[in-house]
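Chemist: Here the protein sequences line up with chains E and R, keeping their order.
When we follow numbering that gives the first Met the number 0, the leftmost residue of the first sequence carries the number 0, and every step to the right adds one.
When we follow numbering that gives the first Met the number 0, the leftmost residue of the second sequence carries the number 0, and every step to the right adds one.
Think of the hints as simulated: they come from the structure by calculation, not from any bench.
Honestly, I wouldn't trust all of these hints.
Unchecked claim - Some chain E residues judged to face chain R by a derived CB distance under 10 Å, without partners named:
(1) Ala106
(2) Pro107
(3) Leu108
(4) Pro120
(5) Ala231
(6) Met235
(7) Arg305
Here a beta-carbon is modelled for each residue, glycine too, at the ideal position from N, C-alpha and C.
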Amino acid sequence: MIHRPVAADGWRAAVGEALAEGWRFAGLHATREDATPALLTVLTRGSDALVLRCRAPERRVASLVDLVPAAAWDEREAHDLHGWSLPGHDPLRPLVDHDVPADAWTAPLVGRDAYRVAVGPIHAGVIESGHFRFAVVGERVLHIDVRLFHKHRGLEAAAEGHRHTEAIRYAQRACAADAVTNAVAYAQACEAATGLVAVPAVARARTLLLELERLYNHVNDISAICAGVGFAAGTMLFTALKERAQRLNAALTGHRFLFDAVQVGGSRLELDAQAVGAARAELDALRAEVARGRRELAFAGSLQERMVGIGRVSAGEVVMLGGVGPSARAAGVAIDARTASPQLAYDGFAPAAPTVPTGDVAARFELRGIELGATFELLDRLLDAPLAPAACVGGAAGDGLGVAVVESPRGQSLCVVELDGDRVGRLHLRTGSYANWPLVALAGRDALLPDFPLVNKSFELCYACVDR
Amino acid sequence: MTAEQALAGALQLAGLGVAPLAAGLVQTLKGRLQGRRGPGPLQPYRELRRLWRKSTVAPELAGPVYRLAPAVVVASTALALLVVPIGGQAPDWGLGHDALVLVGLLAAGRFAIGLATWDTGSGFALMGASRDLTFAVFVEGALLLVIVLAALAAGGSTDLTTMAAAAAGADVWREPAHWCAAVAFALVALAETGRQPVDNPDTHLELTMVHEGAVLEYAGREQAGLQWAAATRLWIVLMLGVALFVPKADGFGVQLAVTAVAIPTLCAAVALTETVLAKMRILRVPLFLGGGAALCLIGLATLLATGPA
């Protein structure tokens, strides 16, 4: 990891230079209660990370948003939560600050027969809080303004001051569905900050947990897509499979969402030969059921017809907005943090690709099925021997700053940890959901209004991920 | 009034209370078909009881049109129920038994709800009503064609008792036109009763709602009335289907027995359709109903080619 201070007037030039050198934007955040406030941009290239730190006592620095459109939400958050002003980001619409009139955060709408439909933040089902404003003509969507950040929990601030080995629970609770990913990212960031390296046994345990998480999430997402078009047979089939996957999680780790299975500095996961054997047998059965279910859905014409050509995003748009995970891969952008995770057991991993990377609902649906196949392969390999607790070993000395990127079922999750002795000084988490939300708004454009739930479910992002 | 007519009249009135059972049966069967335990067939009654006990709240902007609409819907649905004969018989309620009266009564309910959504101007309600009324243009057109076909077989009378009598026996099924009308009716029935693949009566996805969207603002007893009316609408359409398009022998007793078997069978068919078919893209619905209408025109062409039986 390279950690480089940058002067405020050289901020744009430094980021521009890094991008030209092939670094990819991974996240931007502001420090909290600091004597000299700073903005940090994290970029990655393969498994390497570059942290650019810009100190600016006045909390004022030129915006990067024209160089990196993907940094738009990060900058708006830095403005709303930490008081940064970012000349060049115009209009700088409020993102987290909700105490503003609607005009301040929505795109202006003019024209005959164009009107707005507002949905949420309270929905008619068990759905998290999200407010969507659709600008429509008839049933055709022109533009979507998304307003999330309804339940800010202050998790990142709450983690500060805790021993870094204990503060993992704050990273984990950011999102239940990606709990393992965020916990592993946090653990790896802490280990990088303290100069620890994961031994193969730790890497194997964490990879196993990550893939178990992907399994139940991808199965759930297929079920959600079916629910989006009212195809109850598919919804119920894959919901039942998700339940089986979660029961397997409980059998292996004692928790259906795999909570508290990841530790900083090692792994306490212990599975004897019998447990491993039983898990493999159950996974074999699940794999056959998933394959059967996928075949059934492939021949369900009324379902397939709904997905093709809907909610399309191009590869260029994905790259521009910094899309990650299955949604990016479905559009033909072959990025997957699993290809660059030397601390995990993903040797020789290649990103999945749909038959034709159309970037529509059908491609995202197909990709999840393909990835499930790879996940079953990995799980089978990872469970070929019992698992014993293990501890990380010392490597190169850490300087108190740690960065880690781990692939969740929704895309890469970035965790940045700054330690103050053995206490957490600053924790920042930027999950795959956070990265992909702007893409959802874009994908819903041009769709018909009643198709939006389907588009949204084909991403199946987490709302809580923004309410850290 | 004959004894048969009196019995048919009593059964028609019983329909006012039994109608939610058919909707409940569809729900139960759907649950079973989807691998769920599902609600029992009496669930709609529990829903009605729950809603009946709740207080009624109305949007601030609600005017008399909004408040009257549920009553209009309930009344028109109840009257529509009395128009449809049972076992080919029905007493004279003073309404006649004309199929066009039935179409008009069903449309009146929809129109009242459409007006009510304009009254409050609520976004979701207007969206639902505009979809509902758009579909109605196609539903009513196709339904009229179905009735024209069935009426031609009955010697040109649109009186439902005459049409039901003409539809009994085996002869009518020798006409290709009757087959066309039967299939078209099945398509129209799914749309008219707000069933998948046209509308999803169980949806909680606000943006996809059609009928549920239009009546979203109502609460308490008003909502209970509207739910009863939706269930009764299903009952009426099922009864109409049995009267005109379920093969049966002549004779009141036989027809009653056939009705008793046909209603649960048709409920099962609806449940199966809703399980195996996803909801179609909204702009496909006119095409779907247009297909029904085209089928009717084909039937009409065969009638013209061969001459009425």
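Chemist: So, for every hint listed, does it hold in this structure?
Modeler: Status of the hints after comparison with the structure:
The interface hint given for Ala106 of chain E is broken, as the beta carbon of that residue sits about 18 Å from the closest beta carbon of chain R, more than 10 Å. Nearest Cβ of chain R to the Cβ of Pro107 of chain E: about 19 Å, over the 10 Å cut. The hint is violated. The closest approach between the C-beta of Leu108 of chain E and any C-beta of chain R is roughly 14 Å, which is over the 10 Å cut-off, so the hint fails. Because the smallest distance between the Cβ of Pro120 of chain E and any Cβ of chain R comes to about 12 Å, over 10 Å, the interface hint for this residue is violated.
For Ala231 of chain E, the interface hint holds, the least distance from its beta-carbon to any beta-carbon of chain R being 5 Å, beneath 10 Å. Here the hint on Met235 of chain E is kept, as its CB sits about 4 Å from the closest CB of chain R, short of 10 Å. Here the hint on Arg305 of chain E is kept, as its CB sits about 6 Å from the closest CB of chain R, short of 10 Å.
Of the numbered hints stated above, those contradicted by the structure are hints 1, 2, 3 and 4, listed in ascending order.
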